[in-house]
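Trainee: So you can see what is in the structure, the chains are spelled out below.
Protein chains: 4
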Amino acid sequence: MTAETAKPADPPRLGRKRDHSRDPEILEAALDVLAEVGYEGMTVDMVATRAKAGKATLYRRWPSKAELVIDAVACMKQPPSPDSSYVPPDTGTLRGDLIAMVKPKALTDSNRHLKVMLGLASMLSQHPEMLEAINDIMLRPRKGAYLEIFQRAIDRGEIQAGVDVDLLASLGPAMGMFRALYYQKAPSRDFMLHLIDAVVLPAVGLTPPAPVAAEPVSATVEHADQ
Amino acid sequence: MTAETAKPADPPRLGRKRDHSRDPEILEAALDVLAEVGYEGMTVDMVATRAKAGKATLYRRWPSKAELVIDAVACMKQPPSPDSSYVPPDTGTLRGDLIAMVKPKALTDSNRHLKVMLGLASMLSQHPEMLEAINDIMLRPRKGAYLEIFQRAIDRGEIQAGVDVDLLASLGPAMGMFRALYYQKAPSRDFMLHLIDAVVLPAVGLTPPAPVAAEPVSATVEHADQ
Amino acid sequence: MTAETAKPADPPRLGRKRDHSRDPEILEAALDVLAEVGYEGMTVDMVATRAKAGKATLYRRWPSKAELVIDAVACMKQPPSPDSSYVPPDTGTLRGDLIAMVKPKALTDSNRHLKVMLGLASMLSQHPEMLEAINDIMLRPRKGAYLEIFQRAIDRGEIQAGVDVDLLASLGPAMGMFRALYYQKAPSRDFMLHLIDAVVLPAVGLTPPAPVAAEPVSATVEHADQ
Amino acid sequence: MTAETAKPADPPRLGRKRDHSRDPEILEAALDVLAEVGYEGMTVDMVATRAKAGKATLYRRWPSKAELVIDAVACMKQPPSPDSSYVPPDTGTLRGDLIAMVKPKALTDSNRHLKVMLGLASMLSQHPEMLEAINDIMLRPRKGAYLEIFQRAIDRGEIQAGVDVDLLASLGPAMGMFRALYYQKAPSRDFMLHLIDAVVLPAVGLTPPAPVAAEPVSATVEHADQ
DNA sequence: CGATAAACGAGACGGTACGTCGCGTCTTCTG
DNA sequence: CAGAAGACGCGACGTACCGTCTCGTTTATCG
Chain C
1 MTAETAKPAD PPRLGRKRDH SRDPEILEAA LDVLAEVGYE GMTVDMVATR
51 AKAGKATLYR RWPSKAELVI DAVACMKQPP SPDSSYVPPD TGTLRGDLIA
101 MVKPKALTDS NRHLKVMLGL ASMLSQHPEM LEAINDIMLR PRKGAYLEIF
151 QRAIDRGEIQ AGVDVDLLAS LGPAMGMFRA LYYQKAPSRD FMLHLIDAVV
201 LPAVGLTPPA PVAAEPVSAT VEHADQ
Chain Z
1 MTAETAKPAD PPRLGRKRDH SRDPEILEAA LDVLAEVGYE GMTVDMVATR
51 AKAGKATLYR RWPSKAELVI DAVACMKQPP SPDSSYVPPD TGTLRGDLIA
101 MVKPKALTDS NRHLKVMLGL ASMLSQHPEM LEAINDIMLR PRKGAYLEIF
151 QRAIDRGEIQ AGVDVDLLAS LGPAMGMFRA LYYQKAPSRD FMLHLIDAVV
201 LPAVGLTPPA PVAAEPVSAT VEHADQ
Chain G
1 MTAETAKPAD PPRLGRKRDH SRDPEILEAA LDVLAEVGYE GMTVDMVATR
51 AKAGKATLYR RWPSKAELVI DAVACMKQPP SPDSSYVPPD TGTLRGDLIA
101 MVKPKALTDS NRHLKVMLGL ASMLSQHPEM LEAINDIMLR PRKGAYLEIF
151 QRAIDRGEIQ AGVDVDLLAS LGPAMGMFRA LYYQKAPSRD FMLHLIDAVV
201 LPAVGLTPPA PVAAEPVSAT VEHADQ
Chain H
1 MTAETAKPAD PPRLGRKRDH SRDPEILEAA LDVLAEVGYE GMTVDMVATR
51 AKAGKATLYR RWPSKAELVI DAVACMKQPP SPDSSYVPPD TGTLRGDLIA
101 MVKPKALTDS NRHLKVMLGL ASMLSQHPEM LEAINDIMLR PRKGAYLEIF
151 QRAIDRGEIQ AGVDVDLLAS LGPAMGMFRA LYYQKAPSRD FMLHLIDAVV
201 LPAVGLTPPA PVAAEPVSAT VEHADQ
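Protein chains in written order, with my numbering: chain C, 1 to 226; chain Z, 1 to 226; chain G, 1 to 226; chain H, 1 to 226.
No false leads were mixed into what you were given.
Any copy will do: because identical chains look the same in the list, a pair fits if it lies in one copy or spans two.
Straight-line alpha carbon distances no greater than 25 Å define the calculated PhoX-like cross-link-like pairs of lysine-lysine that follow: (1) K103 <-> K143; (2) K103 <-> K185; (3) K185 <-> K143; (4) K55 <-> K65.
Derived from the structure by calculation, the hints contain no laboratory data. Values in this document were obtained by computation on a predicted structure and should not be read as measured data.
Use the sequences and the hints to build the structure in full.
Mentor: This is the structure:
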């Protein structure tokens with residue numbers, strides 16, 4: 001946020017260039033520490049030491065610990081696969097598309113996201129830019145994917161045009177976040193599948209192919225139905 | 001947590017110390033500060049000063065800032081009507097019962113709840129007792145009410161027995177929290193009504209009486225349809 | 001300077017009293033560190049740690065490292081013998097009195113004074129209060145003693161009334177300081193005796209009893225000739 | 001000191017030559033800053049900025065801030081008149097020669113010397129080379145001049161051979177320094193004249209021509225007796 | 001004459017100390 | 001004698017300076 005938006009209209013900078021190749025390692029170190037001890041337990045010195053940097057270097061790039069963390073989270077986006085980033089596959093049916101959205105890989109990504117977000121949620125109300133970052137990085141892309149999936153279903157006549165795709169697209173993230181926050185549970189694939197069949201499909205007038213088994217929201221087990 | 005667990009089973013007098021008369025104002029001061037500057041911005045000195053109390057007085061009652069906040073949140077339950085707290089009214093239909101759950105009064109209560117919870121979310125991962133408190137105070141009673149409502153509907157044959165009431169009971173809180181956290185929006189009655197008709201009722205095989213109009217999750221307007 | 005001048009006109013302070021019994025140990029710790037590593041090498045944390053105090057406690061009492069050091073120096077005054085502090089003995093002759101001023105004990109005191117002052121001299125121009133402290137502690141009492149000694153000599157008719165006692169009283173400290181600063185040499189008794197016989201007594205019209213032997217100002221040896 | 005002794009045995013240097021014409025302005029900038037804020041308040045960046053140079057340029061020439069300052073002081077020697085530097089004029093009498101040593105011009109030079117030395121005194125104990133520099137630049141030449149003056153007086157039979165010229169030659173600098181350090185007063189000509197008549201001449205067995213009037217060491221006025 | 005090597009101004013770098021502030025504990029004085 | 005006021009030890013925050021390094025540019029010597 002801070003580091004990369006400063007690019008446009010730079011005067012031809014003199015002196016030694018800021019070594020932006022260090023940014024990723026610093027942010028990675030910040031994420032590491034964040035995941036280990038949480039936001040409050042995290043120390044700027046810890047991050048600097050782990051990144052083999054000086055504290056001043058960190059403060060030269062980010063004006064405060066909060067901004068550093070915000071940027072760290074903002075940079076959590078999956079760098080290796082920017083192409084397939086949440087691009088929804090077309091399986092031919094809405095249910096197939098929705099299930100494809102909760103592939104193990106996507107879940108694994110989400111797990112790390114959640115792990116960090118849990119120790120960060122308090123910043124949301126105090127630092128709106130953090131909110132924006134979370135939205136940009138984790139929420140909006142996912143919701144965009146859902147929107148496209150639903151649009152496809154509408155286009156192929158599978159569901160009516162009147163459904164509130166905006167609401168339905170939020171169900172997954174909302175329930176996942178809720179489970180993570182209040183039950184300290186990573187969103188399991190089974191839970192997401194259950195959510196699709198028990199809630200999403202009925203809401204659009206479709207019937208899930210199999211009897212819906214119940215995994216409670218607060219369930220401890222991750223194996224569930226089948 | 002600490003302060004009011006001494007409360008149960010005291011219908012008459014029993015040597016209750018006069019000091020505890022200060023508890024409410026202290027907790028109220030804590031909630032005020034919490035709502036203004038959030039958990040991180042809040043200072044024990046701030047709370048003590050606002051409550052015209054000494055810092056030691058606070059630490060005599062609660063072992064840490066975190067516990068104080070937890071208790072403050074725990075005391076946020078509606079004091080005027082402890083009897084009918086979340087007891088679900090029986091309107092004869094599931095839809096009627098659900099709608100009764102989002103009466104304006106309940107929403108107003110929830111608003112204050114959310115306002116505080118926003119600045120508190122980060123504690124959830126670091127302080128499990130906070131989690132427990134939130135659950136006890138805000139989540140479980142509400143979910144219990146939903147469970148009873150669904151059970152009534154099952155009993156009267158309105159819906160099948162197989163529905164995942166646990167999941168459905170979480171939909172309201174989860175979506176409200178999600179909206180509050182990421183869109184900084186208090187849960188409006190209209191939004192909750194929409195959620196009932198567009199998601200909950202279809203999920204249990206019922207059809208809402210009127211065409212479902214769409215208010216997006218992220219909608220700014222609070223007036224909406226119908 | 002800072003700590004003890006704050007006494008008058010205090011409003012009846014509330015709360016815990018500042019534990020001024022800690023002042024001496026803190027200042028002593030400061031003097032220790034000062035003597036070991038000098039002013040620039042000294043760290044506030046070092047002093048706090050050695051005094052088993054928190055850094056904030058030091059900063060609550062002194063507004064800066066410089067002020068702390070100034071007070072430490074100011075408190076270097078000989079506590080065991082505040083009565084006889086520089087009170088000049090009356091030996092019956094000016095020369096006897098002057099010689100009595102450079103007794104070994106006085107020199108030993110001066111040595112510690114000088115040792116600290118050497119690492120402190122640069123503060124003099126930036127911190128006038130340091131100047132005042134040095135004056136109060138080390139210079140003025142000594143000069144007062146010299147003034148009284150000369151007055152006695154005038155009273156008993158040993159020397160004329162017109163002599164510039166102010167100038168003569170400064171000769172000892174000035175030459176001692178000069179030797180210490182630029183030749184890194186503690187003021188030896190022999191040097192001071194030589195100064196008395198070769199300079200002070202002639203300046204007041206007296207003749208030293210013995211041929212004046214020469215110890216150069218820059219002499220390395222401390223035992224001297226004669 | 002450091003900069004110009006590095007000249008011998010240079011390998012046939014390639015590349016751009018070090019621009020030694022910048023040395024004087026850098027050192028002059030250092031002296032300016034030194035006089036304004038003292039050694040501790042002085043910053044290498046300040047000096048570089050004032051000299052319109054890069055910090056690296058300074059560190060290429062001097063290994064540390066201390067060395068830079070030492071060299072700056074060392075270069076404070078009067079550049080316009082290196083020939084007559086302290087060469088003592090022969091007026092025919094010791095008193096005349098001594099008075100000639102405190103001509104206004106010499107005093108003006110000394111003033112700047114003192115102004116810098118005041119902010120430098122602390123370095124003396126930590127940096128022996130600074131001591132050496134001060135000695136070389138300011139003390140030894142002056143003392144050499146005094147030594148020659150006294151030798152002349154001995155040669156012409158004006159004073160005895162046994163006088164401690166070393167001690168007497170230090171009186172002026174010592175008292176001037178003392179006055180400057182502890183009374184923040186530049187050495188006035190009147191004060192120096194008074195020192196000659198009241199102390200130096202009696203110490204060598206001569207009598208000043210006029211009744212000695214008293215200007216106290218700590219006097220504020222600079223005009224005094226005549 | 002072009003290549004090369006070093007010095008230049010500017011400023012980022014790792015490190016360390018400064019002075020401030022918050023937490024949780026303690027002590028003192030007051031109502 | 002309860003409690004408000006606030007000092008205490010501890011430790012993190014954000015700033016400043018030191019001495020080094022890396023930029024892009026300038027200037028001198030060498031091939």
